[in-house]
Amino acid sequence: MDVLNGWWDDYFWGAVIVAKVFIASLSLMIIFGLLGAAAKLSDNRLAQKIGGAYTVIFRGTPEILVILLLYFGSAIALTALVQLFNPEVRFVDVPPFWAGTIAIALIVGSYATETFRGAFLGVNPGSIEAARALGMSPLQTFFYIRIPEMWRIALPPFGNHMLSLIKDTALISIIGLNETMFVAKQAITVTGKPFTMYIVVGLIYLGFSTIITLTVMGIEKYGNRTTVGAQ
Amino acid sequence: MSDNPTRPLIEMAAVSKFFGDFQALRNIDLVVHKGERIVVCGPSGSGKSTLIRCINRLEKHNEGIITIDGIELTDKVADIDAVRREVGMVFQSFNLFPHMSIIKNLMIAQQLVRKTPKKEAREIAMHYLQRVKIPEQAEKYPIQLSGGQQQRVAIARALCMKPKIILFDEPTSALDPEMINEVLDVMVDLADEGMTMICVTHEMGFARSVADRIIFMDEGEIIEQASPADFFDNPENERTSAFLDQILKH
Amino acid sequence: MSFDLNLVLESLPQMLAGFGITLKLLLVSGSLGLVLAIVLLLMRMSGKFYLDWLAQIYIYVFRGTPILVQIFIIYYGLPQFEAVRDSVFWSILREPTGCAILALTLNTGAYVSEILRGGVLGVDKGLLEAGSALGMSARHKLIYITTPLATRLALPAYSNDVISLLKSTALASTITIADMTGIARTIVADTYAPYEVFISLAIVYMIFTLAIQKLFGLFERYLSRHTRRED
Chain P
2 MDVLNGWWDD YFWGAVIVAK VFIASLSLMI IFGLLGAAAK LSDNRLAQKI GGAYTVIFRG
62 TPEILVILLL YFGSAIALTA LVQLFNPEVR FVDVPPFWAG TIAIALIVGS YATETFRGAF
122 LGVNPGSIEA ARALGMSPLQ TFFYIRIPEM WRIALPPFGN HMLSLIKDTA LISIIGLNET
182 MFVAKQAITV TGKPFTMYIV VGLIYLGFST IITLTVMGIE KYGNRTTVGA Q
Chain U
45 MSDNPTRPLI EMAAVSKFFG DFQALRNIDL VVHKGERIVV CGPSGSGKST LIRCINRLEK
105 HNEGIITIDG IELTDKVADI DAVRREVGMV FQSFNLFPHM SIIKNLMIAQ QLVRKTPKKE
165 AREIAMHYLQ RVKIPEQAEK YPIQLSGGQQ QRVAIARALC MKPKIILFDE PTSALDPEMI
225 NEVLDVMVDL ADEGMTMICV THEMGFARSV ADRIIFMDEG EIIEQASPAD FFDNPENERT
285 SAFLDQILKH
Chain V
4 MSFDLNLVLE SLPQMLAGFG ITLKLLLVSG SLGLVLAIVL LLMRMSGKFY LDWLAQIYIY
64 VFRGTPILVQ IFIIYYGLPQ FEAVRDSVFW SILREPTGCA ILALTLNTGA YVSEILRGGV
124 LGVDKGLLEA GSALGMSARH KLIYITTPLA TRLALPAYSN DVISLLKSTA LASTITIADM
184 TGIARTIVAD TYAPYEVFIS LAIVYMIFTL AIQKLFGLFE RYLSRHTRRE D
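Residue numbers (the working numbering), protein chains in the order written: chain P, 2 to 232; chain U, 45 to 294; chain V, 4 to 234.
Treat the hints loosely; a few may be bogus.
[Claimed, not checked] Straight-line alpha carbon distances no greater than 30 Å define the calculated BS3-like cross-link-like pairs of lysine-lysine that follow: (1) V:LYS217 to U:LYS104; (2) P:LYS194 to P:LYS50; (3) U:LYS184 to V:LYS217; (4) U:LYS159 to U:LYS208; (5) U:LYS208 to V:LYS217; (6) V:LYS27 to P:LYS222; (7) V:LYS128 to U:LYS120; (8) V:LYS27 to U:LYS148; (9) P:LYS41 to P:LYS194; (10) V:LYS128 to U:LYS104; (11) V:LYS217 to U:LYS177; (12) V:LYS128 to U:LYS208; (13) V:LYS217 to U:LYS206; (14) V:LYS27 to U:LYS162; (15) V:LYS51 to U:LYS162; (16) V:LYS27 to U:LYS104; (17) V:LYS27 to V:LYS51; (18) U:LYS177 to U:LYS206; (19) U:LYS208 to U:LYS177; (20) U:LYS163 to U:LYS184; (21) V:LYS217 to P:LYS41; (22) U:LYS163 to U:LYS177; (23) U:LYS163 to U:LYS148; (24) V:LYS128 to P:LYS222; (25) U:LYS159 to V:LYS217; (26) U:LYS148 to U:LYS159; (27) U:LYS120 to V:LYS217; (28) P:LYS50 to V:LYS144; (29) U:LYS159 to V:LYS128; (30) V:LYS144 to U:LYS163; (31) U:LYS120 to V:LYS51; (32) P:LYS186 to V:LYS128; (33) U:LYS177 to V:LYS27; (34) U:LYS148 to V:LYS51; (35) V:LYS128 to U:LYS184; (36) V:LYS51 to U:LYS184; (37) V:LYS27 to V:LYS144; (38) V:LYS27 to U:LYS206.
Don't read these hints as lab results, they were simulated from the structure.
The model shown is predicted, which means the values in this text are computed figures rather than measured ones.
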C-alpha cells in the first residue's frame, strides 16, 4: 500500500469532483425527466413526438458517443458563435465538467422520462376519483394524492437512475475531467501500478454506490410505512 | 398404499402450527373416513385453510401427528410425494398453469408424476373434461375461460390424478355469483359418487345438502363438529351460533 | 459551421467496417454473460448461504462500479502481476478484444442474474403450490412451471440489458479496439468533424437498438400467446 502514499489527496479531490458532477447532473436529470414525461403525456402531438424522439435517441446511443459529441460539438458551435463577434478567436474551450454533466444528465434523463411517465399513469384512478368525490380541488388532489403516490412508484427505479449517474461520471474522464479515473492514470505513469490505482477508483465508486443504495432504502422504508400489512 | 376399510384416510392428532409467534392451529384432532364429505367453516383467519394445507403438506405442521392413508407426514420427501399423489387439491384462485393449454394442464402431472403415456393421459384428461362439461375448451389457454370454467378445469385436473381425497380451499370465493352454481354442481356430483372430500367454504346451502359433518373453527381451534342438522338448528357453542347469525342474517 | 454530407457518405462505410467487431463483442459477451447469470442465479437459489453470499457480493461489486473501471482493471491492471502474464489466460488477456469480452461478460452477468431472479420471484406462488399438490417434484416444477413463466416475465428487462450491453461495447474503443466507435474517434481526430461522424454513427447504433427491440418484441409475443384472451 506504500505506493499509494502521496496520492490519497489527489484521489480525495477526484472524488469531490465525482460528487459535484453527480449533484449537478442529478438536478438536471430530474428536470429533463420531468420535461420528457410532461411532453410524452401532453395532448399536443408535437410535444409527444419530441418527447418520444428524446427517449429513442438517448436510450439508443452509446453514452461515450453522447459525451464526445457534446464536448467536441459544443466547442465547435461555441467557437463559431464567438467568431461572429471576434474573428480573431481561434478556438473556444468547453469545460469538460459541464459538457460531461449535461451529457450524462441527458442520457439518464431519458430513462427517468419513462419512470416519471409510468409513475404518473400508475396512480390508482380510484384514489383520484375518491379525492374528487370528497370535494378536494384538482390542485389539492394533485399535491395530496397524486404526488405522494407517484413518488412511491417512482422511487425504486429512480434509485437505479442515481446509480447509473454516479457510474457514468467515470466516462467523463475520457474528455479530460480530472476525476478519480484521471487521477489513477497520472498515478500509474509515476508508479507503474495500474491494478492498484484502478482498484482504488473501483472502491471509491463502490463507496458512492453504497451510500446511494442505503439512502434510497431508507427513504423507501419510510415511504412504505403505510403499505406494510398488519401481518 | 393398501385399502384398509376400517382404517381412517386422515388422522390428525394434537396438531399445532405456528407462523412466527402467531399460532394458526391449536391442538387439532380430526379423523376422516373414506367416503366422508366434510365442510369446514369459520371466520376469516380461523385456520381453515391452514388446516387443509397441512394435509398435503403445503404447510408443515410444528406439533402433533398427521397420518394420511397410513403414511405419517414427516420431512421424508418420498412420503410427501406418496401422499400428494393420493390427495387432490382445488384452490381459491384456480392456479391453472397459464402458459399451458387446458388439455396440457390436465396431462402434465399425469405424465410427470404418474408416468402415464401421453396418449392415455390425453384420454383421461378428455374424460374428466367431459365430466365437468367443457370438453370443447381443451385447446384453449386458461385466460380465455370464465372463472367458473377455470375452476371446473382445476377440479378435472385434480381428478385426473385419481386421488382418494380432494381438498377444496374456498373454491367459489373468487367467483362471480352467477358462476358459483356451475362449480357447486360439479362438487355435488363428486360427492354423490362417493368421493372423500374436505371443503372449506362459506356456501351454507352446499354444506347443508352435501356434508356428512360440519366443522366449525375459530382462532385455530375446532370449536364444534356436528351433522348439518345439529349444526344449523342446535349449535352447541356460542361462537358457532354467533357465526351462523352473522352469515345467515341476510 | 456546416454539416458536410459528403463526409458522412465517406466515413459511414469506414465505420461500418467495425460493425463485425461490435457484433462480436455483443454476441460473445452476451451469451457468456447469460451463462454466468444463470450460474449466479442458481447460486442464489441454492439454499447454501455461502454460495448465496458469494453471488451477492459478486453482483454488488460489479453493479456498484463503472464498467469503464472494470475494463481498465482487466486490461491495464492485470498485467501488473507476473502470475497473470505467466498464466494460460495470458493469450486472452494480452489481447484488448479478450479483455473487453471478459469485462463485458463479467459486468452483464451480474445485471442479468438480477433480472432473471426478478422473473423467478415474479412467478405466482399459487402455481408452484398447485404443482406440489399434483405431486410434481422440485425439478419438474423448475422445468415446467418456473422456467417458462420466469423467462416470459424477465424478457422485457433482459432486452433492455442487451441494449445496454450494445452501448457498453462502444467502451472497447477506450482500449484501442477498432469497433465502430473506435473507428469514428480516429476519423474525428483526423477530420475534426464531430457532428457528421458521431451523429451518423449514433443513427447506426439507434437502428441496431431498434432491431434488437423488434427481435425481442417478436419473441415476447410468441412467449405471451397464453396471455391473450382471443385467439
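Taking 30 Å as the top limit, are the C-alpha atoms of LYS27 (chain V) and LYS104 (chain U) close enough?
-> violated, 51 Å
Hey, LYS120 (chain U) versus LYS217 (chain V), does the alpha-carbon distance stay inside 30 Å?
-> Violated, because 49 Å separates the two Cα atoms, which is more than 30 Å.
Given the hinted pair LYS27 (chain V) and LYS162 (chain U), is their alpha-carbon gap at most 30 Å?
-> Violated. LYS27 (chain V) to LYS162 (chain U) sits at ~43 Å, over the 30 Å cutoff.
Given the hinted pair LYS159 (chain U) and LYS208 (chain U), is their alpha-carbon gap at most 30 Å?
-> holds, 18 Å
Within 30 Å, alpha carbon to alpha carbon, are LYS177 (chain U) and LYS206 (chain U)?
-> Holds. LYS177 (chain U) to LYS206 (chain U) sits at ~18 Å (cutoff 30 Å).
Taking 30 Å as the top limit, are the C-alpha atoms of LYS51 (chain V) and LYS162 (chain U) close enough?
-> At roughly 37 Å apart (the allowed maximum being 30 Å), LYS162 (chain U) and LYS51 (chain V) break the hint.
Straight-line alpha-carbon gap LYS27 (chain V) to LYS148 (chain U), limit 30 Å = Between LYS27 (chain V) and LYS148 (chain U) the Cα gap is close to 40 Å, so the pair fails against 30 Å, i.e. violated.
Keeping to a limit of 30 Å between CA atoms, is the pair of LYS217 (chain V) and LYS206 (chain U) held or broken?
-> Distance ~46 Å between LYS217 (chain V) and LYS206 (chain U) Cα, so the pair is violated.
Given the proposed pairing of LYS208 (chain U) with LYS177 (chain U), does the C-alpha separation stay at or below 30 Å?
-> OK: LYS208 (chain U) and LYS177 (chain U) at ~22 Å, within 30 Å.
Sort out whether LYS222 (chain P) lies within 30 Å of LYS27 (chain V), counting only the CA atoms.
-> Violated, at roughly 43 Å.
Taking only the CA atoms, is the gap from LYS184 (chain U) to LYS217 (chain V) under or equal to 30 Å?
-> Satisfied, since the Cα-Cα distance of roughly 27 Å is no more than 30 Å.
Holds or violated: are the alpha carbons of LYS194 (chain P) and LYS50 (chain P) at most 30 Å from each other?
-> It is violated: about 50 Å lies between the C-alpha atoms, which goes past 30 Å.
Taken one by one, the earlier hints fail for this structure at numbers 1, 2, 5, 6, 8, 9, 11, 13, 14, 15, 16, 17, 25, 27, 28, 32, 33, 34, 36, 37, 38, listed in ascending order.
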